[in-house]
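Chains as they are written, first to last, in my numbering: chain P, 1 to 367; chain W, 1 to 612.
None of these hints come from the bench; they were simulated from the model. Be careful, since some hints might not be right.
Here are the simulated SDA-like cross-link-like pairs (lysine to any residue), alpha carbons at most 20 Å apart as the crow flies [as the list claims (entries may be wrong)]: (1) Lys519(W) to Gly42(P); (2) Lys281(P) to Arg367(W); (3) Lys358(P) to Arg395(W); (4) Lys519(W) to Pro275(P); (5) Lys313(P) to Arg512(W); (6) Lys281(P) to Phe228(W); (7) Lys358(P) to Arg393(W); (8) Lys313(P) to Gly515(W); (9) Lys519(W) to Thr32(P); (10) Lys519(W) to Ala25(P); (11) Lys281(P) to Leu425(W); (12) Lys358(P) to Arg537(W); (13) Lys519(W) to Gly154(P); (14) Lys281(P) to Leu432(W); (15) Lys358(P) to Gly540(W); (16) Lys519(W) to Ala300(P); (17) Lys281(P) to Leu438(W); (18) Lys281(P) to Gly46(W); (19) Lys81(P) to His535(W); (20) Lys81(P) to Leu534(W); (21) Lys81(P) to Gly540(W); (22) Lys519(W) to Lys313(P); (23) Lys358(P) to Ser539(W); (24) Lys281(P) to Leu390(W); (25) Lys358(P) to His535(W); (26) Lys81(P) to Arg512(W); (27) Lys519(W) to Ser49(P); (28) Lys358(P) to Leu390(W); (29) Lys81(P) to Arg537(W); (30) Lys118(P) to Ala300(P); (31) Lys519(W) to Leu36(P); (32) Lys358(P) to Leu534(W).
Chain P is nowhere near these chain W residues, computed Cβ spacing over 12 Å in every case [to be verified]: (33) Ala7; (34) Glu89; (35) Arg105; (36) Gly106; (37) Arg185; (38) Pro189; (39) Arg285; (40) Leu358.
All C-beta atoms, glycine included, are put in the ideal place defined by N, C-alpha and C.
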Amino acid sequence: MRDKNVWRRLAHALSSLELTLACLALLMVLVTACTLLQVPLGTHRAVQSTVRSPLGGLVGGVLLANLLFAQFRRLEFSRRKLGLWLAHLGLALLFVGEFGTALFQVESQMPLEIGQTKDYSEDDRRTELTATDASDPRFDVVTAIPDSRLKRGGEIDAPALPFTLSARRYHENAELGMRRPSDPPSEATAGIGPNLLVRPAPPSTSDDARDSAAILVEAKSRGGRGLGTFWLSSALGAPQGFSLDGRTWRLALRPRRYRLPFSLTLEEFRHDVYPGTDIPKNFSSRVRLRDPGRGEDRAALISMNNPLRYGGKAFYQASFGQNDRLSVLQVVRNPGWLLPYAACALIAAGILLHFGLKLRASLGARP
Amino acid sequence: MTRQARAAFQTALAVGLLAAAWPLAAPPPSDWTLDVLGRLPVLEGGRVKPLDSFARSSLLMLSGRQSLASGGRSAGAMEWLADALFRPERADARAVFTVDDPDLRGLLGLPEGPERRFAYWRVEPRRAEVRAQAESAEKVEAARRSRFQAAVLNLDRRLELYERIQNTLMAAGAGDPVAELAAFRRAMPAALRAVHAGGAASASDRRAVRALAGMLERWRFLARAAAFKPLPPRGGQPDDAWSSVGETLLRPPDGTDPHPGLAAFALMGRAYRLGRPAPFEAALREYAAWVARTRPADVRRAAAEEAFNRAQPFVSGMALYLAAFLAVCAGWATRRPEAEAAARGLLLAAFAAHTAGLAARMLLQGRPPVTNLYSSAVFVGWVGAGLGLLAERARPGGFAAAGGALLGFCTLLIAQHLAASGDTLEMMRAVLDSNFWLATHVVTVTIGYASTFLAGALGAAWVLRRHWVRRPDPESSRALASLAYGVVAFSLLFSFVGTMLGGIWADQSWGRFWGWDPKENGALLIVLWNAIILHARWSGLARERGIMVMTVFGSVVTSLSWFGVNMLGVGLHSYGFMDKAFWWLAAFVAGQLALMVLGLLPPRFWEARRSS
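Extracted from the complex, chain W is given alone in its bound form (with noise of 0.2 Å):
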């Protein structure tokens, strides 16, 4: 490397580094002090997490986003959070709710054009009609329900959720909450001398026990109601004991203090009201102190995914990667060392961050890194840009280096859209509750994913460049053909071994070895299609090209098997990403054919274009 590569590979890393580790840095962005509300512990989806981290999965799950556009500037969703936690009346005028379906927006009076999201203000006027479609949309089959019907009963559970959340710390549309505590407190003992006292009973007394009765069953319904529990469970209760507003209310512990949580949050809720940050913060930093000290492991781990969140390690790799590829072109453009060292500091950036946010994952989770389709969309773009790093070490001229980068920044885009479905770091059902098994099965059968798609994307590499470089470079074929050649037998030992791992773990869960169930299907088709490419390469049917080319459709077998599969049982007319996925995965199938074609057209083609 010359000195000016070098140092062009320096600062490509070393800004890639900063930029990544930039968003931990930033202050934030309110004067609420949001983030230590965001850092709060709370129970949701089985599981202690901060309130940070339920704020951007709920608001993704509404809307498709992380945050939102409000009054020219962008709201993060903890500022959409405690809007609708504390004043709901605002939270209603936020456009969150997404609806594309034409129907549905039929259904709700939404006018037609580019407006996607709206408020819920706009739908309330036709709520019991949507839950009455959603209801009997219920009934239907999922795999047999209409566009309209699947929109609808989507709609639903969105508009649940958000009517969940006004619910959860107080009633939404209640007056001043530390008032109503208060007024609570004082009529407790009057209401129990009515009890006792029966007919004899005093006037007085008996107001007590009519007020009671109304706040007992507004309490009731936010015992149900609620979104997440907020209040950690205190001393001598069990471990996973967190309980509700409501449900705290409803059945105060003998013989103690009332729960810290909830005057806190009531305190929280009037300043937030009126409008005043101060008295918030108060409250906020005293409850948040209390918590630390009651749960001080829940605490730590809540502040560090908190701080996971903010960082968005997958977000920036995600632009390092692209600028990586960006790089790498331009060193091909260019036939500048320069350009071609910088590649490989921003991928080694992106590569770097990708790995921060997957070690994270996985310390936060206590779990191998692929637990769901999310995860595993991470850890295939992980896989992928590692191995073309590697490759590229092994072997340079950028395109190991552009594959990798490619991999990585499509795969991450994908997990992105994957993680509006909920929680990513949610809890693992029955079956998959094995690390063992996921690290050694799921983890196994993803880096054969990963190396399939990174030999395609060689293959497509060869064959673009077969018809775009003018000088012909038998050389550089050569190599990237027995680049190739090294990543699909590595392939093969990964797709085999893992989905025979896989055989092993359903033998030991279901008691057979192969079942032919989809997945193992796509898993099987995948080893298939690496041993027919390397058994044309050793037979000599197929040559250089013809190998590139199969590698190219081992692509389109892998993202069939890895989400095709997925696609099979839900059928085409679900709502949400997997339906926009589905014209995705045509396209990229339907490219990668096309790539294909271009590749077998006769060597004559290519010449003649020389020539002209």
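For reference, chain P alone in the conformation it holds in the complex (with noise of 0.2 Å):
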């Protein structure tokens, strides 16, 4: 007979051991899509339309909910099945971090060259629209409007400034080339905009090559004189900007940055080979962090497999170029760290506990 009360059904549902294999077939299917699609799209995008997806977060998510379900109602709890206990446990507390870092993760880089100094991290999947008040030779004043908002597009109103900007056109990836006379006419009128030929991309495919986001936008004075429309982008060095009221405001579109309450300083990069060879045998980056809040001035080491965590970020050596000259750190801020460390020691702990103890019954019921 079924039972009459829809929670007890569903929680029955819920704690079935069916439940979990279909949960685990799904997610081997998930996983083995998230591999092979990694060809066509790159690593980024194949996570994200895989195991990332609302589908994938909904079969991690019942499959928790499954895990919890089956553990509360169905497993005895003796310390016969210890084991199976921790084990399990340790498997939720390693969905939560999965989750966790899911939500909360933020990667980002830090290029540092030799005696350069930084006070944040850039993170190039990312970007923002700055505009900076470069009136003042001593300091200029920025303003930035994170992606997200441009990527909405209308009337953006920043209190900070005197003219609005309306976000016209947003490429995740666009391709800038001269344009010709042969060419339809520039949508900007101003800054080098008019000169350029600004095609959308598709996102890269590659993991090594970075998309250059291009926007349209145009600036209009508070009392509704245009000041121009341009074209920028993450590709463009040149600056671009105009005038209003006395004072010289330049835009631009850069990778999105993170400020620290600190500071680095690349002092030495070593990048060492194998003699006769360039097989390389160590990278690692001597910097100097500074932190004047906290009284912090010390020279830190960060090699391969030796990051510097400092104020809740972890610094890797990353990569390098110009010849040696510079260092590239990935500075990664995830709160829940820990929580893969601690999950792993109880499921090991559990597995090998629960099947040792069958191995011994079972060796011990041998004839």
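Both chains come to you apart, so use the hints to assemble them.
Spelled out as structure tokens, the structure:
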């Protein structure tokens, strides 16, 4: 007879092992798809369209619910089952950790030339539009508008600016070229935009290539006077802008920056190779960490497999360039980075305990 | 065990061990003391190794083999290398370059037909064309190269390696090396006088400058071209300051004697060209004694590695595994306990040879067992065979022994093919240079591969047994199933812990625990599949037959994770082992799937067979 109580029926379904198997099988399909799609799409997009897609989140969520329901409804709490309890709780923790990573982890880069000091890192998957008041030769005043706002389009009214901006078009990736007379007229009216031909391009699929975003933006004074329409792109270096009420304004699109409350200076970069070859043996960056707020001023060595962890962020040796004069650090903020460690310890201990007990029983029962 | 069975076990073990040890005791085949030359340490690929290792890995890269058939007998790698170093014109006539691609053969004007390896002189007329084609292929991204482009690039690299070898100790085609060295020493003071005197130099001094300029030009070329650095650093020089002949000639250290290697190699070169073994041996032995005094540690290590190369423990292991597997089959066919005991003896001998080889590699490299794809194959086989032996002890019947032997044989065979890509004791790239993680993550995850394969082999045995054994024997079937269950549990533990340790390593080195990269995903798939098997068993959704069929699929998942993902980035157009391996992998997967279908056929299928 079917249970009339919907909740009990739902709980029963959620704690069934058939559901576990179905979810695990679906997860295998997703992971396989994620692996195969990396060839045409590149890692980032393959992950976003499979395991980190809504479907992936759903499978993960159902599996987590299934795990918890099965655990508390079906599994007896006894010493015999202690291993299973530990392993499954560890697994739940691992899931929570992966969800946390998907939601909270922020990755960015910090390219440093030897001698250079930076107190920010850059996210080259996101952009920001900056309006810089460059009137004072001693300092710039920068207002940054994140790409999430730019992509929505429409009029952007930042209180700090004496003008408004309307984002007319935003391309995640664009090819920029010089406009020839035979090309259609440019939509830009100021800056170098009129000479440019901007064509939207599909997002790059290679893991090494980076997209160069472009935005068509129109500036208007608060009185409604047009100040020009600009093509801005992270691939453009030349300054573009206008004057308004005696102040000089510059507009640019650049990789999104994250400020750090401390700074790093690259003092030395080493790229050791094995003798007589160009097989890399080690990469390392010696940096000076200065944090006036906490009174820190010390040297730190970042090398392969040895990151610097400071201020809730970890700095890894990621890449290098310019004949070993440039070191690129990967900057990762993941508040839940310790969760997987705890989860793994729990699961390993659990499996070991469970199968250890079983093996002992099985060998003991042998005739 | 009966007395006969024990005797069979002991005989098989002893014969197996003796057979494995034989290559160490066998005398060197040549009268040129090439074994002494092969033990000389040189610097190549970032590490000091015996010349013998360089000879073998180079010949493997050029031709896919460690020895050559020449004039009805087999010539070793050192014989070929000595020719290439000292008598290039004879080496040019040896058929070492494997050219399979039909378009490439067309380009080179080589005949279609069964002949696969060609001598350098047959390729040489089109050398410039090969270089030009390779240059344009280099501009194409590796994954997008056509089959022809990959093949021509590959051939160009092999030709370049060969040409560099010829120009390592003496310029290819140069005359008498001893006379040249002497002329250099004679000309040096006169040339220096001429340089200092400027316009006022005597005519003979100016001639000396011209002669010297020609030699310098050749040696500058030698310094660039050398395939390895044969001359060890001398007192006062840093430990890794090995140099090539050209470099040493161009930069004579102030106030010291010339490097003894220069004269030694020149003397050896002359004697070799003239076909005189005695002076060759004298120069070689004197120089080897000097090297042994200067670099005792390098010489000991090189000698040990040369002995390891000669012993070829994995080749003997492979043969013994095959013998053990055949003996198990013979035991099943004849139901004689002696055959089963002999199989165990052979398996133990194979495992011993395998273990010795693995241990020797670890000692030579100073690293945990798995450092690259080659060593992962060796290690998977070792774990599989070891687990097979243990499981056979716990549950006799030959299944575990057969599975272990088959796994050992297949993985060593794969390793043999993987070795063709170069030095298997290569140096570790920066991110991998961590013995701690190599020892924990890589070893654990590889044990996971091995045991999943073993479970798959047990599943396959179960399926085949159900099909071919005429008398129903549910007792053995159940024993096999419970054995497989234990192995799956073991696999889950190791593949899970290994995968998670990999995550922790990734977190330490790249700042992310999990990046969904193909290798990580492959490992995760193995974990998931093992978890599915265990949960299916626990829920009762799959019973004995279902579980055994699922373990067979475990082999498919593991083979794809282990090798399949390495082929993803490479693309299907690549040349060399991975290209062929793709079809082998496809065949393996197809075979396993066929086994699964066979296992899933309804019981009536078997009964009908039995009654007929």
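Okay, the hints, checked on the actual structure:
1. The suggested pairing of Lys519(W) with Gly42(P) holds, with an alpha-carbon distance near 14 Å, which does not exceed 20 Å.
2. With a C-alpha separation of about 15 Å, the suggested pairing of Lys281(P) with Arg367(W) holds against the 20 Å cut-off.
3. A threshold of 20 Å between alpha carbons decides the hint, and for Lys358(P) with Arg395(W) the separation of about 16 Å falls inside it, so the pair holds.
4. Note on Lys519(W) and Pro275(P): the hinted pairing is violated, with a Cα-Cα distance of about 30 Å set against a maximum of 20 Å.
5. Of the supplied pair hints, the one linking Lys313(P) and Arg512(W) holds, its CA atoms being roughly 12 Å apart against a limit of 20 Å.
6. This hinted pair checks out: Lys281(P) and Phe228(W) have alpha carbons roughly 19 Å apart, not beyond 20 Å.
7. Taken as a hint, the Lys358(P) and Arg393(W) pair is honoured in the structure, with Cα atoms around 18 Å apart against an allowance of 20 Å.
8. Restraint check for Lys313(P) and Gly515(W): the C-alpha separation of about 18 Å stays at or below 20 Å, so the hint holds.
9. The hinted pair formed by Lys519(W) and Thr32(P) meets the criterion: a straight-line CA distance of about 11 Å does not exceed 20 Å.
10. Under the criterion of a C-alpha separation no larger than 20 Å, the hint pairing Lys519(W) with Ala25(P) is consistent with the structure, at around 19 Å.
11. Between Lys281(P) and Leu425(W), the direct Cα distance comes to roughly 15 Å. Compliance with the 20 Å bound is thereby established for this hinted pair.
12. As the CA atoms of Lys358(P) and Arg537(W) are separated by approximately 15 Å, the hinted pair is consistent with the 20 Å bound.
13. A C-alpha spacing of about 44 Å is found between Lys519(W) and Gly154(P), which places the hinted pair above 20 Å, so the restraint is violated.
14. The suggested pairing of Lys281(P) with Leu432(W) holds, with an alpha-carbon distance near 9 Å, which does not exceed 20 Å.
15. Of the supplied pair hints, the one linking Lys358(P) and Gly540(W) holds, its CA atoms being roughly 18 Å apart against a limit of 20 Å.
16. A C-alpha spacing of about 32 Å is found between Lys519(W) and Ala300(P), which places the hinted pair above 20 Å, so the restraint is violated.
17. A C-alpha spacing of about 15 Å is found between Lys281(P) and Leu438(W), which places the hinted pair at or below 20 Å, so the restraint holds.
18. Under the criterion of a C-alpha separation no larger than 20 Å, the hint pairing Lys281(P) with Gly46(W) is consistent with the structure, at around 9 Å.
19. The suggested pairing of Lys81(P) with His535(W) holds, with an alpha-carbon distance near 15 Å, which does not exceed 20 Å.
20. A C-alpha spacing of about 15 Å is found between Lys81(P) and Leu534(W), which places the hinted pair at or below 20 Å, so the restraint holds.
21. As the CA atoms of Lys81(P) and Gly540(W) are separated by approximately 18 Å, the hinted pair is consistent with the 20 Å bound.
22. For a cut-off of 20 Å, the pair hint linking Lys519(W) to Lys313(P) is broken: about 26 Å separates their Cα positions.
23. Distance restraint check for Lys358(P) and Ser539(W): the Cα-Cα separation of roughly 17 Å lies within the 20 Å cut-off, and the hinted pair is therefore satisfied.
24. The hinted pair formed by Lys281(P) and Leu390(W) fails the criterion: a straight-line CA distance of about 39 Å is larger than 20 Å.
25. For the suggested pair Lys358(P) and His535(W), the alpha carbons sit about 15 Å apart, so the restraint of at most 20 Å is met.
26. Proposed proximity of Lys81(P) and Arg512(W) is contradicted: the alpha carbons are some 33 Å apart, above 20 Å.
27. Only pairs whose Cα atoms come within 20 Å are accepted, and Lys519(W) paired with Ser49(P) is accepted, the gap being roughly 19 Å.
28. Between the alpha carbons of Lys358(P) and Leu390(W) the distance comes to roughly 17 Å, so the proposed pair stays at or under 20 Å and holds.
29. Between Lys81(P) and Arg537(W) the alpha-carbon distance is near 17 Å, which keeps this suggested pair within the 20 Å criterion.
30. For the hint pairing Lys118(P) with Ala300(P), the CA-to-CA distance comes to about 15 Å; that is within 20 Å, so the pair holds.
31. Taken as a hint, the Lys519(W) and Leu36(P) pair is honoured in the structure, with Cα atoms around 12 Å apart against an allowance of 20 Å.
32. Simply put, Lys358(P) and Leu534(W) have alpha-carbon atoms about 13 Å apart, close enough for the 20 Å limit, and the pair holds.
33. Listed as outside the interface, Ala7(W) is consistent with that label: its C-beta sits roughly 27 Å from the nearest C-beta of chain P, beyond the 12 Å cut-off.
34. Taking the minimum C-beta to C-beta distance to chain P, about 28 Å, the non-interface status of Glu89(W) holds against the 12 Å cut.
35. Every CB of chain P is more than 12 Å from the CB of Arg105(W) (nearest about 30 Å), matching its label as outside the interface.
36. The non-interface label for Gly106(W) is consistent with chain P: the shortest C-beta to C-beta separation is roughly 30 Å, beyond 12 Å.
37. The Cβ of Arg185(W) sits about 27 Å from the closest Cβ of chain P, beyond the 12 Å cut-off, so the non-interface label holds.
38. Every Cβ of chain P is farther than 12 Å from the Cβ of Pro189(W); the closest lies at roughly 32 Å, confirming the non-interface assignment.
39. Distance check for Arg285(W) against chain P: the nearest CB is about 26 Å away, which clears 12 Å, and the non-interface claim stands.
40. For Leu358(W), the requirement that its beta carbon stay farther than 12 Å from each beta carbon of chain P is met, with the minimum near 24 Å.
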